[in-house]
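Engineer: The chain contents come next:
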Amino acid sequence: MPKVHIETALYDRAKKAADATGYSSLEEFIAHCIENELKKLKIDEAEDQVSKQLRGLGYIE
Amino acid sequence: MTNAIIIVSGLPRSGTSLMMQLLAAGGIPTLTDHIRAPDPDNPRGYYEFERVKKVKTDSAWLSEARGHAVKMVSQLLFDLPGHETYRVLFMDRDLDEVLISQEKMLTRLGRPVANRQDLKHAFRLHLSRVHKWLSEQPNFGVLRVGYADLVTRPADEIARINAFLGHRLDEQRAASAIDPALYRNRKASTVSHNCALPKVD
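Same order as they appear, the protein sequences are chains A and B.
If you count the first sequence from 1, you need to add 52 to reach this note's numbering.
If you count the second sequence from 1, you need to add 560 to reach this note's numbering.
Bound conformation, chain A alone:
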């Protein structure tokens, strides 16, 4: 499983937040935050849209 390094201070704040909000682990809290951010940025939809457009124009298969 890939690992990501974050600053100790941020780690401590995230741990506090995870404990305070009832997450079962810090990993679960961080995964949830990332999922939310990806949803907000519409990253997956954006990639699909780009692919669809490029395919429509005949530049990719």
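Simulated from the structure, these hints should not be mistaken for laboratory data.
For glycine and all other residues, C-beta sits at the position ideal for the given N, C-alpha and C.
Just to be clear, a hint being listed does not mean it is correct.
[Said to hold, decoys possible] Quick partial rundown of chain A residues pointing at chain B, CB under 10 Å, derived from the structure: (1) Lys67; (2) Ala98; (3) Glu99.
[What the hints assert, rightly or not] Below, simulated BS3-like cross-link-like pairs (lysine-lysine); rule was C-alpha separation at most 27 Å, straight line: (4) Lys67(A) / Lys613(B); (5) Lys692(B) / Lys104(A); (6) Lys104(A) / Lys680(B); (7) Lys747(B) / Lys91(A); (8) Lys104(A) / Lys664(B); (9) Lys747(B) / Lys104(A); (10) Lys94(A) / Lys613(B); (11) Lys664(B) / Lys94(A); (12) Lys692(B) / Lys94(A); (13) Lys94(A) / Lys616(B); (14) Lys664(B) / Lys55(A); (15) Lys55(A) / Lys67(A); (16) Lys104(A) / Lys616(B); (17) Lys692(B) / Lys92(A).
Got chain A sorted already, so can you dock chain B onto it with the hints?
Structural biologist: Quick look at chain B alone, frame taken from chain A:
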């Protein structure tokens, strides 16, 4: 540098065909198959090579491309294998101009046109990701070229391109490929390089 593969990249309708024409006119050999014929969207031809679309699964042709220029849409750059050296000429063009031109092309092809604002957001994210990735690849050299700059100040831009390619280009002949009349779908006040990394909020 002469063994490097010259990749002309960017979004569709960002000036990649113009760059290929310019390089060909300036004496750089190009890898094209002429399968996609000239049409009203690209009256001087597309300079494409169909096999680039399958580069993820078939990259055997890359050895033939050394020292040549080949056109490849930005999304395919991620699929290039790491054992070659690449000099990427990346075309930047105002995103509204790109999208207007793409819409016209899709309409002519009888294909559906997506919401422009959604696509603009998607292309911004895509370009950010591409440029971040390119900056992390040790075997890629990248020169970003503004389409509007190339058309309006060709001598300066061609000199920059020539330096990037190791002075292999006949600059005067290269400049002969540029016809400002082909700069269609132009915004009233074009600011070049505004395809640069967006701030995503």
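Engineer: None of the hints should be skipped; say for each whether it holds.
Structural biologist: Do the hints match the structure? See the list:
At a threshold of 10 Å, the smallest CB-CB gap from lysine 67(A) to chain B is about 27 Å, leaving the interface hint violated. Because the smallest distance between the Cβ of alanine 98(A) and any Cβ of chain B comes to about 4 Å, under 10 Å, the interface hint for this residue holds. Satisfaction of the interface hint for glutamate 99(A) is found here, the shortest Cβ-Cβ separation to chain B being roughly 7 Å, below the 10 Å cut-off. With a C-alpha separation of about 46 Å, the suggested pairing of lysine 67(A) with lysine 613(B) is violated against the 27 Å cut-off.
Restraint check for lysine 692(B) and lysine 104(A): the C-alpha separation of about 22 Å stays at or below 27 Å, so the hint holds. Distance restraint check for lysine 104(A) and lysine 680(B): the Cα-Cα separation of roughly 14 Å lies within the 27 Å cut-off, and the hinted pair is therefore satisfied. Using a Cα cut-off of 27 Å, the hinted pair lysine 747(B) and lysine 91(A) is violated, with the two alpha carbons roughly 32 Å apart. Between the alpha carbons of lysine 104(A) and lysine 664(B) the distance comes to roughly 16 Å, so the proposed pair stays at or under 27 Å and holds.
Proximity of lysine 747(B) to lysine 104(A) is assessed by CA-CA distance (about 25 Å); at most 27 Å being required, the pair is judged to hold. Between the alpha carbons of lysine 94(A) and lysine 613(B) the distance comes to roughly 26 Å, so the proposed pair stays at or under 27 Å and holds. With a C-alpha separation of about 26 Å, the suggested pairing of lysine 664(B) with lysine 94(A) holds against the 27 Å cut-off. Taking the CA atoms of lysine 692(B) and lysine 94(A), the gap is near 18 Å; set against the 27 Å cutoff, the hint holds.
A C-alpha spacing of about 26 Å is found between lysine 94(A) and lysine 616(B), which places the hinted pair at or below 27 Å, so the restraint holds. Distance hint between lysine 664(B) and lysine 55(A) is unfulfilled; the C-alpha atoms sit about 45 Å from each other, more than 27 Å. As the CA atoms of lysine 55(A) and lysine 67(A) are separated by approximately 17 Å, the hinted pair is consistent with the 27 Å bound. Restraint check for lysine 104(A) and lysine 616(B): satisfied, since their Cα atoms lie roughly 18 Å apart, inside the 27 Å limit.
A distance of roughly 21 Å separates the Cα atoms of lysine 692(B) and lysine 92(A); the hinted pair therefore holds under the 27 Å criterion.
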